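Visitor: Sequence:
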Amino acid sequence: MEPTAFETGIFLGVLIGEGHFGGDGKQPQVTVRMHLRHERLFGCLLDWCPGSRLYGPYHHGGRSYFQWMVRGEVLRERLVPLLDALPLEEIDEHVYERYQAMKVKYGL
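Using this note's numbering, the first residue of the sequence shown is number 11, and each one after it goes up by one.
One or more hints might be untrue.
Stated by the list, open to error - Distance ranges between label pairs, derived from CB positions:
| hint | residue 1 | residue 2 | range |
| --- | --- | --- | --- |
| 1 | 110 | 82 | 32 to 42 Å |
| 2 | 92 | 53 | 11 to 21 Å |
| 3 | 72 | 117 | 36 to 46 Å |
| 4 | 72 | 94 | 20 to 30 Å |
Derived from the structure by calculation, the hints contain no laboratory data.
Note that the coordinates shown come from a computational prediction; the quantities given were computed from them, not determined experimentally.
Backbone N, C-alpha and C define an ideal beta-carbon position, used for all residues, glycine too.
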């Protein structure tokens, strides 16, 4: 089931506000790391982006968090087209630059 326009807006807002656009040196990935209290939101991210993964909970350095990650085909086929359709440069120049750098580095 496809997310509604409202759910897509929340999904993209989370990516813009909390997302990390990078990779592991071999493949690109988008990561969101947040406190355990956001577990319900992570469940929504999994629903809205089938094939993404949730890791954790982790407890490190006095922090407790989950890490949501998108890689591979899901990133290329679902997330990149969604982000490319946004006026991301107008919304947040810093996020736009990080996203573009990831695309260039990994040939997306």
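Visitor: Quick check: which numbered hints come out false for this structure?
Guide: Those not satisfied are hints 1, 4.
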